[in-house]
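If you're matching them up, the sequences are chains A and B in order. Using this note's numbering, count along the first sequence one by one with no gaps and you end on 245. Using this note's numbering, count along the second sequence one by one with no gaps and you end on 1054.
Simulated coverage check for chain B against chain A, where a stretch passes if three residues somewhere in it have a Cβ under 8 Å from a Cβ of chain A:
id: 1; region: 1005-1013
id: 2; region: 1017-1031
DEER-style ranges, computed between Cβ atoms:
id: 3; chain 1: A; residue 1: 121; chain 2: B; residue 2: 1042; range: 46 to 52 Å
id: 4; chain 1: A; residue 1: 24; chain 2: B; residue 2: 1045; range: 27 to 33 Å
id: 5; chain 1: B; residue 1: 1019; chain 2: A; residue 2: 166; range: 32 to 38 Å
id: 6; chain 1: A; residue 1: 188; chain 2: B; residue 2: 1042; range: 42 to 48 Å
id: 7; chain 1: B; residue 1: 1040; chain 2: A; residue 2: 188; range: 40 to 46 Å
id: 8; chain 1: A; residue 1: 31; chain 2: B; residue 2: 1009; range: 28 to 34 Å
id: 9; chain 1: B; residue 1: 1009; chain 2: A; residue 2: 17; range: 50 to 56 Å
id: 10; chain 1: A; residue 1: 22; chain 2: B; residue 2: 1045; range: 24 to 30 Å
id: 11; chain 1: A; residue 1: 73; chain 2: B; residue 2: 1006; range: 35 to 41 Å
id: 12; chain 1: B; residue 1: 1009; chain 2: A; residue 2: 234; range: 57 to 63 Å
id: 13; chain 1: B; residue 1: 1023; chain 2: A; residue 2: 141; range: 14 to 20 Å
id: 14; chain 1: B; residue 1: 1019; chain 2: A; residue 2: 234; range: 41 to 47 Å
id: 15; chain 1: B; residue 1: 1004; chain 2: A; residue 2: 10; range: 47 to 53 Å
Calculated from the structure, these hints are not laboratory results. Remember, it's a predicted structure, so these values are computed and weren't measured experimentally. Positions of the beta carbon are idealized from the N, C-alpha and C atoms, including for glycine.
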Amino acid sequence: MAWTWFHRLASPPHVYALATRLTPWVAWPAAVLILAGLYGGLVLAPPDYQQGDGFRIIYVHASSGWMSLMVYVTMATSAAVGLIWRMKIAHAVAASCAPIGASFTLAALVTGSLWGRPMWGTYWEWDPRLTSELILLFLYLGYMALRSAIDEVHRADRASALLAVVGVVNVPIIHYSVLWWNSLHQAPSVMKLAKPEMPPAMLLPLLLMLAGFTLFFLSLLLVRLRGEILRRERSASWIREALAG
Amino acid sequence: MNEFFHMGGYARFVWPAYALTLAIVVLNIVWARRALARACEEARRRVPIRGARP
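Could you put the whole structure together from the sequences, leaning on the hints where they help?
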């Protein structure tokens, strides 16, 4: 009935097969969107009237920053679902998210600091936005360290899920830090679709990059998820079929 | 073309930012595929081969 699709999402063989089939349909559009965004951002967009060509860092910086938060919310949500409904697949999704999120948080921090040097005159400042984003990196690293410290995968799932859920408190702090505190970091200029502060030639490539990175995350997640499902299925007969196929 | 690579004087900030992001994108693809391959390998070792056990 109406809930069949939800129950099927709890079935490892079904999700494994679905992930295998979906991956190319997500990965190729991601590549096309990112390449289009890069061309628009590096070539077509005009230089900024204040920041010149330095503003072009936004296309990789904002995309990485968006990844760092979106991946964390995905991770914490699936961890919560895994804790509440004891769903193995949800834990597998959460575990797949962490390395992806950690690497893009690092990218957001470093690209931001490369932007900060010419624009603010410093690579690093203990500013609310920068500090809370650094804490996000530590949350990801702590999550991964906790998982690798526990050998039994189901116990690792539960312990790390708690950390992921508690750490979600940092997400609104990062997002609103530029509004709550007097921050060096500029206020959001994209997530105001009613009255965007960028001309279309600058904004459109950024939206393409954000969409492309989102699909890229999804394709990485689908590949990693298959591995995590295999790790959680002990001697199930379908593993033979999955490995044979 | 030279002008493009010069990035209006911001080349030494713009290109490292793009290079790092590209590296992280490529590494993520490599890591994800390697993690899947490793899990397949482990599963193969764990699951008895058809016919080997009752």
